Amino acid sequence: MSTTTTSPTAEPTTVIGKSADYLDQRTKIGVLTKQLVRKVFPDHWSFMLGEIALFSFVVLLISGVFLAMFFDPSMALTTHHGAPATMDGQLMSVAFSSTLDMSFEVRGGLLMRQIHHWSALIFVAGIVVHMMRVFFTGAFRKPRELNWLVGTLLMILSLAAGFSGYSLPDDVLSGNGLRITDGVIKSIPIIGSYLSYFVFGGEFPGEHIIPRLFTVHILLVPALILALIGVHLFLMVLNKHTQYPGGGRTDRNVVGYPAVPAFATKMGGNFFIIFGVLALMGGTMAINNVWNYGPYDPSPVSAGAQPDWYMLFLEGSLRLMPGQAEIVTWGDYTLSLNILVPAVIIPGLLFTFLFVYPFVEAKVTGDHREHHVLDRPRNVPARTGLGVAFLTAFVILALAGSNDLIATHFALSINTITWVFRILFFVGPVFAYWITKRICLGLQRKDRELVLHGHETGRIVRFANGEYIEVHRPLDEQERWLRVNYEARQPLAIEPATDSRGVKRKGYKKDKRWQKLSRFFYEDRVEPVTPAELAAAHAHGEHDELEPAHDTPELVSGSGTVEREH
Amino acid sequence: MKALAARRHHRLAPVVLLLLALLVTGGVYAALAPSPAQADTASTADIETGKKLFQANCATCHGPNAEGTSEAPSLVGVGAAAVDFQVSTGRMPMQMNGPQAEAKPRQMDEEQTAALAAYVASLGAGPAIPTDEQVDGSEGDAANGMALFRTNCAMCHNAVGAGGALSEGKFAPPLWDTSSRNVYQAMLTGPQSMPVFNDANITPDEKRDIIAFLDEQDQGSAGGLTLGSLGPVSEGLWAWIIGIGLIIGGAVWIGAKSS
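As you go down the protein sequences, you meet chains A and B in turn.
Quick note on numbering: UniProt numbering labels position 105 of the first sequence as 105, and the sequence is numbered without any gaps.
Quick note on numbering: UniProt numbering labels position 223 of the second sequence as 223, and the sequence is numbered without any gaps.
Next comes chain B alone, as it looks inside the complex (with noise of 0.2 Å):
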């Protein structure tokens, strides 16, 4: 201690306390700070496959390397997640240009999504496709979930994920018929327009409670048909036809009907 003490006025012990303080907050930082999801380990030949399938599908706009063109994003440490949302809603490789790319049948099956995604996992560290586990909505809570998306999602994709229209034409699609799997590699990428949900902005169980809403949405109303579950617009439009078109016409039977 002595000696300690009486090197404590040395003119570079300021210097040696900043370092010491840099390597303790960087220390704690990283045993605290959520990792970032690492890519499942794949087979190089399944990187190899992947690599095949990217040049020859996706290279024309994302780049030999998936480093990017002036045409499409750079796909370094967007993770397998993003791949597989991706390609398995049929999204990627893009049909054609427009305001967003459009969901559409799938172009390529189960084991060349694994293998694209093993690919550009492997390119970079980013976030990992969920186990089944993580997207299982039965585990969830529709009350958060609910509020949750109340909070995050509605704005776009209408209160129970009908879908909403976004400016020039792009647009939140309904996510009744998304897989469980999709919507939540979806908040944890951002695809299009979509801002990313990390981990630490919404937790892996408040997504899966958000699942566990949309699952809700499945059982429709307690209060009949539920007109797209679009609110006062489409009611209305049915209100005049069905309502007023029905009662019209029973005034124009009843006027008919000679006295």
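In isolation and in its complexed conformation, chain A is listed as follows (with noise of 0.2 Å):
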């Protein structure tokens, strides 16, 4: 920053500077620049997750409006002429045909279509990774709860976006998709058939859907996308971005690099990497290849006919749900419960869980402070499990959408596999959430031994009374930090059900339910190591303590006992 104005005397020399001058004269810019050139902003992999999303959104962007040049999107009828030959002189809608017309005779446009889809599809898992590293470290605590509902809105926008794009070339695969959603809105008790007619404008599948959801595909949806990307964005950089724990990093301040030149071009290299990985895979990966499933006529329906994989979770939903579900009620009403759990209540769950996770784990914690270092995901073994168990029912639900070709491609019975996901799905998270907590706690403990014993080097020393001890070598200060400088949150204490004069507490039972809940998190936990435990551990050490002449003075002996867990 040579052009800043404090300095009247330092005038700019160059064209660059001079016009920098000019511009910051007039708007002040040079300050906020100043301000977000010299933000400071922690350095790790895991912080680049976000930005998978954030640059194929940009992309998406960018091949969007070149589609968008070409696609018609209208459900007239018209006769397709040209390539491909298995849709010469067939009757399709103009969307399909245009659609075609892109692919085939546009130049460069297949390419596009496929760059396009891709990034769609990584988008949407790129937002999943960076979910499951803001969950799986805390980052969601205060004072980003806010910014994690912004997040899990932005990715159920996403699922829009992509469910609206994926329909609008009006082939078959796309149209089973839309006959689902239409029965999955049917199956609403009272509203249903109202609100089918509401959306396709008529009976399904009308001549309107398409049209609309082109409107909702391209101006909607993105603009909804955008504008909360600029809310997240904005919100990161106020709340400043978390960083993992280590040594000299507090809740009070942040350690990294400044933007520029460090952030900056780290940022710019991995937006080269992804669009050049997204742009490879739409050069020569083959994706929704249209033609092959033909134009949308209702009646056919292929074999291995998916969502996407987004998606795929409310396909294994209904694929799992027995038929048996639906229940016709007194004047002949049929309510179809087959359909409106597994596609309406089972989604609508998971998402809860994702919008109020953040505050209930904030409530059973009893923690009003603000977090800016992170958990370990070990040190909160409750959590972990949980993310766990929630991220083994979606690929359950996606396996079991996808059950026809396990069974093909493992040589299976599709009815075997359907039965064994119904199971798997109950049985598998709680399972899970078991595990996952079991190794969290026995990694914890292993933090424990290390701090207090120190590293193995293997070393066997024997003493002169004939004593062979082995010799660990202690921790450094880092490595110390790290594993001791956390927080094992115990259970809530509530007050007592009556007061001193034996009344009756208002709100005694809801505390109680919290504080049960609580217990659900914090009962099982592993403390860290107090400086009392460590100063204890060395003295016990001392014992087997070498001649000074082997200069290793702290050393810690591995026949230590000291197990203080829980």
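Treat the hints loosely; a few may be bogus.
[What the hints assert, rightly or not] Chain A is nowhere near these chain B residues, computed Cβ spacing over 12 Å in every case:
| id | residue |
| --- | --- |
| 1 | ARG7 |
| 2 | ASP46 |
| 3 | GLY90 |
| 4 | ARG106 |
| 5 | GLN134 |
| 6 | ASP199 |
| 7 | ASP205 |
[Said to hold, decoys possible] Stretches of chain A that chain B covers, calculated by requiring three or more beta carbons in the stretch to come under 8 Å of a beta carbon on chain B:
| id | segment |
| --- | --- |
| 8 | 98–112 |
| 9 | 119–127 |
| 10 | 272–284 |
| 11 | 296–308 |
Bear in mind the hints are in silico, worked out from the structure with no lab data behind them.
In this text the structure is predicted, and so the values were computed from the model without any measurement.
Note that CB positions come from ideal geometry on N, CA and C, so glycine has one too.
With the hints as a guide, bring both chains together as one complex.
Next comes the structure, spelled out in structure tokens:
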């Protein structure tokens, strides 16, 4: 920053300097730029996961503008002429025909379509891996709960963007998806059929859905996503970026590198890597070859008809649900629980978990402080377990949505697979929670062990009295800090049921329920090593200590029995 | 005419009329109905060889005279096309019991297969082995084949013939490595779980169109690697493995570079 207006004597001499000065004198932009340029960002590869989503979105916007130049979102019928040979002379909608022309007649059109579609898959995947990082490290805690909500909204909008775009070409496969959507809408009690007529502008499929989805896909959803990305990044700058635990890092500072040049360079590099990978995928790997499926017609459904991966959990949820759940109530009214439960209630529960989790955790932790240092996932076993359980449920549903392909590729019976997944959907997450929590607690114990006794060196020493010990090398300060500097949270302590005069306290039952949940979170825990314990361990090791000649004054014995967990 | 007019109130007149009507209907049907394909006239020597082969390899399940047993269906009237399909793809003789007979390296050579086919065809009329011209995809219309395939075949065999799952471990196999003749025969005879698409259902020309559509698939995709043409599941899998894999690898690499 050679040009600032703070010193009137320093006149800019270069062209860039002069124009920057010109701009600054009129907008005072220098102040803002200086702040941003000097803003410190912590450095870690996992902080770049959100950029996957951001930069794929940039690629989506660029390629999407290109596609919008050639796509005609009309459901009017036309006879297609031209490539590919399998579509020549077929009756189809203008939307489908223009998709084919865009792919085969427009120079670079197919490449753009494929880049766009791959970017969409990577966009949602980027959001998911970013959310995983944020969740497992506890980055959603105060003051970032609001930003977590914005992020979750962005995730749902990305699903909306993907779904609306996937349906545009009006091919058989995406039409099947719309047909399912229609069924889901109709399963909503009372208003379902009205809502379906409202959405499709009449009986499915009608002639309105593609133009409507086009508006949603190129205007409504991207505008909302852009606006929320703005909010998301603004809050990120405002709240400052979180940092991983380590020496010198506290909740009151940010240790890292200034935005320019270090962080910006890495960000720029990351953009080109992501753009490159997306272009490579678009150029070499075929995706959504709509001419394979043909123009939409409500009758055919081909084998292997599935939605894109991020919607696969809904497909799986529907495939797992037994059909008997459809019930006919009084007055011959059909309540389609067989669709309502898997397609509305289960995703509703999954999304609700994401929305409320930060607030529930804050409540059961009784935590009102700000957190800027991240948790190591092992140090909050219940959260890590819940996160893995959530992912397990999601993955099982996604696999259930691919049950036919699993059947053909592993020579299994699709009926058996479906039953296995039905059971796994309930058992899997519980088991995943339990095993993850156990692993976390085990890792914490391992940390304690390391802190108290140091690294094994493999060096065996024999004393004059014949005793053998293995020499342990104590941890250096950074290593130790990482392992002891966390808080093992305890279940909430609540006020007694009655006050000092024996009068029942209002709200006791509610507190009791929260305490129960809090116990679920924090009953099992491994306390970090306290300075006193460390000192005791060192003292304990002293009788093993070697002669000063071995110059290992801080020897810690491996035979120690300090076990103060729980 | 007078004699006829005098007898038209005869009490047997309705019966005579009915018989006449039946005769006309039957005659017209016989003249217009698609004639069942006849087995090629094979030499009696072939039939004899076929019979011996049959008794050595097939009779255990299908019965000594191909009349069928509780294990396997009767082969009387299945025609040469069914035999040629099952034996030339190696499905028969069957190797082991399972959800369905699977294709494997063929056990009978061309000559033996032809003899078996001749023998089974001699037991009763059935669809004959199609001629080379009938199964020549280059003479078919791929666009029409696409439309037919989408309506009749894609629900089991996948939109472009990559195969798909059926119930209880059965499956519709991928069609890309299946010879045109076998594809035609399968439509004609409906092996295992597959329905029969006879010549009234899908005409011989239309069958050839379907073969033309399948031939198109050999050219691969204009978009690059087909990823098995399995649709969004394999695309999603590769997006995670290749896409996210490379990008996270890149992020770790950038993150590891000291600033």
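Count the residues of the segment 98–112 of chain A whose Cβ falls closer than 8 Å to any Cβ of chain B, and tell me whether that reaches three.
holds (count 3)
Over 12 Å from every CB of chain A: does B:ARG106 meet that, or does the non-interface label fail?
B:ARG106 is indeed farther than 12 Å from all Cβ atoms of chain A, at 21 Å.
Beyond 12 Å from each Cβ of chain A, as asserted for B:ASP205
holds (16 Å)
Can you take a look at whether the segment 119–127 of chain A is actually covered by chain B? Rule is 3+ residues, C-beta closer than 8 Å.
This one holds; 4 residues, not fewer than the three required, reach chain B with a Cβ under 8 Å.
Beyond 12 Å from each Cβ of chain A, as asserted for B:GLY90
holds (17 Å)
Is the nearest CB of chain A more than 12 Å from the CB of B:ASP46?
holds (37 Å)
Interface exclusion of B:GLN134 relative to chain A, criterion Cβ beyond 12 Å:
The claim stands: B:GLN134 keeps its Cβ more than 12 Å from every Cβ of chain A (closest is about 21 Å).
May I ask you to check that B:ASP199 keeps its beta-carbon over 12 Å from the closest beta-carbon of chain A?
holds (22 Å)
Minimum Cβ separation between B:ARG7 and chain A greater than 12 Å?
The claim holds: B:ARG7 sits with its nearest Cβ about 56 Å from chain A, beyond 12 Å.
Taking a Cβ-to-Cβ distance below 8 Å as contact, does the segment 296–308 of chain A have at least three residues touching chain B?
holds (count 11)
Apply the coverage criterion to the segment 272–284 of chain A and chain B: a residue qualifies when its Cβ sits closer than 8 Å to a Cβ of the chain, and three qualifying residues are needed.
With 7 residues closer than 8 Å to chain B, the segment 272–284 of chain A meets the three-residue bar; holds.
Taken one by one, the earlier hints all hold for this structure without exception.
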